[in-house]
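Enquirer: Listed below are the residues making up each chain.
2 protein chains.
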Amino acid sequence: MQRNEISLAKFHRLFYPQVPVVITAEFQATVGAMPAIWCIPLSFKPPLVGVAVAPDHETSRLIKGARSFCVNWLDFSHANQIGVLGDISGKGHANKLSIVGLTATKSPEGSCTVVQEASAVLECRLRESHRTGSHDFMVGEVERASAGESFTDYWDFTKYDPILYAGTADGERKTWVFMSTHGDTRRVALKRQK
Amino acid sequence: MQRNEISLAKFHRLFYPQVPVVITAEFQATVGAMPAIWCIPLSFKPPLVGVAVAPDHETSRLIKGARSFCVNWLDFSHANQIGVLGDISGKGHANKLSIVGLTATKSPEGSCTVVQEASAVLECRLRESHRTGSHDFMVGEVERASAGESFTDYWDFTKYDPILYAGTADGERKTWVFMSTHGDTRRVALKRQK
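Here the protein sequences line up with chains A and B, keeping their order. Per the working numbering, the very first residue in the first sequence carries number 17; after that it's consecutive. Per the working numbering, the very first residue in the second sequence carries number 17; after that it's consecutive.
Chain A on its own, in the form it takes in the complex:
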C-alpha cells in the first residue's frame, strides 16, 4: 500500500478507534474523573494496568494523593456524558461526576470511588508513577474487578454496547466523534476550545 509521511503531532490518532474509560480518584473529599484512552493492561500476574495522564490534570493530583484510582467502563448510552466530562475541568468542584449527571459511589470495600452507572470497574492501588515525556505514566495493581451481567468470561457484545472514540470532526477539536460497533455515530459538541 502507498503510504505518505504524516506529522508526528498526529501519530496518536492512528490508534483510533479506542474505547474510552473513565479514571476516577478521590482525595481529601474531592472526586476527580477523566476520560482516558491511553490505558492498557501491562501484566497478568500481578494484574497491572498502565494509564498515561497529563501532569497538570486535576485527576493526576488526586491519584497521587490517594495512591489509588479506578477504571470505569460506561456503555454507548453514556457517550455524551463522557464527552462533556472530557471537556470540563474538575478544579473547584468537589464531585466532577455529578456535573455530568453521573453518580459517584464507594466501591464495596470502600477503598475507591467508582461510577455507579459503570458496566465494569477495576479498583487499583497506585504502584508507581513516572514522567514519560509529556505525561505521567501511572501503574496500578488491580485489587478487585467487577462487571455487570453483560460480562461473564468475555463481554457479550449483544448486551454490552461499547463506546469507540473516533476523533474529532471539523479538524479543530470542536466535536468529539463516538462510534458504536454496529454503525452508529454520535457527535458531542465541546464548549471549551482546546
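If you are wondering where the hints come from, they were derived from the structure by calculation, not from laboratory data. Incorrect hints may appear among the rest.
[To be verified] Straight line, CA to CA, 30 Å or less: simulated DSS-like cross-link-like pairs of lysine-lysine:
1) B:K26 with A:K207
2) A:K80 with B:K61
3) B:K207 with B:K107
4) B:K80 with A:K26
5) A:K122 with A:K190
6) B:K190 with B:K122
7) B:K175 with A:K26
8) B:K190 with A:K61
9) B:K26 with A:K175
10) A:K190 with B:K175
11) B:K207 with B:K190
12) B:K26 with B:K190
13) B:K190 with A:K175
Dock chain B against chain A, hints included.
Expert: Just chain B, lined up with the frame of chain A:
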C-alpha cells in the same frame, strides 16, 4: 448498575474491543511479527509509544536486539492473517510475515521492517524496556509515521475499516473473534491451543 466481582485472571478482557496492531522487528536477518493489543501512545512530545510484550516472545528478543520496532495497522480485510499471526511462533522462521501471506518491506529510510500491506506505520527507536510484572514494557520514540490516503488529520472510517479484537469464542481460546465498526464479525479458528 449491579456489578459482581470477577476473577482477576479476566481483568484484561474488560478492555475489549481493542484494535490489534502488528509489531515488527528485524534483527540478524530474522523478521519477527506479533499482533498486540497492549499498545498505546504515552507522550506527545517527544512522541512515545508503549507496548507490553511477553518476555519469551521471539519478537521481544528481536526488538531488544535491533533496538527498534514498528507498529503496523492492518484493516479488516486482514483479520484472518492477524489471527494466524498470533497463533504461530516465529521461532525458526527467517520471516514470520511471509507464513501468513504478508509482505515484509524496508521503511523508506531503511531503518525498520514494516508490513507492506499496512494502512499506517510507526517507526520507533527503542528507548527503554523494563520488566513490569509478567511482561516487558517497551517504550519507543516515534521517528516517522506514515499512512495511506484513508488518514489525513484523522482516519476516515468510511474508507478505513479497522479490526476490533473482541475475545475468543467457546471460552477456551479456540477461536478469535474480530468485529468491525459496522456490525460484521469474523471468527478465526486457532490451530494451536494456548
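Enquirer: Evaluate each hint against the coordinates.
Expert: Status of each hint after checking the structure:
Taking the CA atoms of K26 of chain B and K207 of chain A, the gap is about 38 Å. The hint is violated against a cut of 30 Å. For the hint linking K80 of chain A to K61 of chain B, the alpha-carbon distance of about 22 Å falls within 30 Å, and the restraint holds. Under the criterion of a C-alpha separation no larger than 30 Å, the hint pairing K207 of chain B with K107 of chain B is consistent with the structure, at around 17 Å. Distance restraint check for K80 of chain B and K26 of chain A: the Cα-Cα separation of roughly 26 Å lies within the 30 Å cut-off, and the hinted pair is therefore satisfied.
With a C-alpha separation of about 34 Å, the suggested pairing of K122 of chain A with K190 of chain A is violated against the 30 Å cut-off. Under the criterion of a C-alpha separation no larger than 30 Å, the hint pairing K190 of chain B with K122 of chain B is inconsistent with the structure, at around 34 Å. With a C-alpha separation of about 18 Å, the suggested pair K175 of chain B and K26 of chain A falls inside the 30 Å cut-off, and the hint holds. For the proposed pair K190 of chain B and K61 of chain A, the alpha carbon gap of about 23 Å is at most 30 Å, so the pair holds.
Annotation: proposed proximity of K26 of chain B to K175 of chain A holds, straight-line Cα distance about 18 Å (limit 30 Å). With a C-alpha separation of about 22 Å, the suggested pairing of K190 of chain A with K175 of chain B holds against the 30 Å cut-off. Restraint check for K207 of chain B and K190 of chain B: the C-alpha separation of about 8 Å stays at or below 30 Å, so the hint holds. Distance restraint check for K26 of chain B and K190 of chain B: the Cα-Cα separation of roughly 16 Å lies within the 30 Å cut-off, and the hinted pair is therefore satisfied.
Of the supplied pair hints, the one linking K190 of chain B and K175 of chain A holds, its CA atoms being roughly 22 Å apart against a limit of 30 Å.
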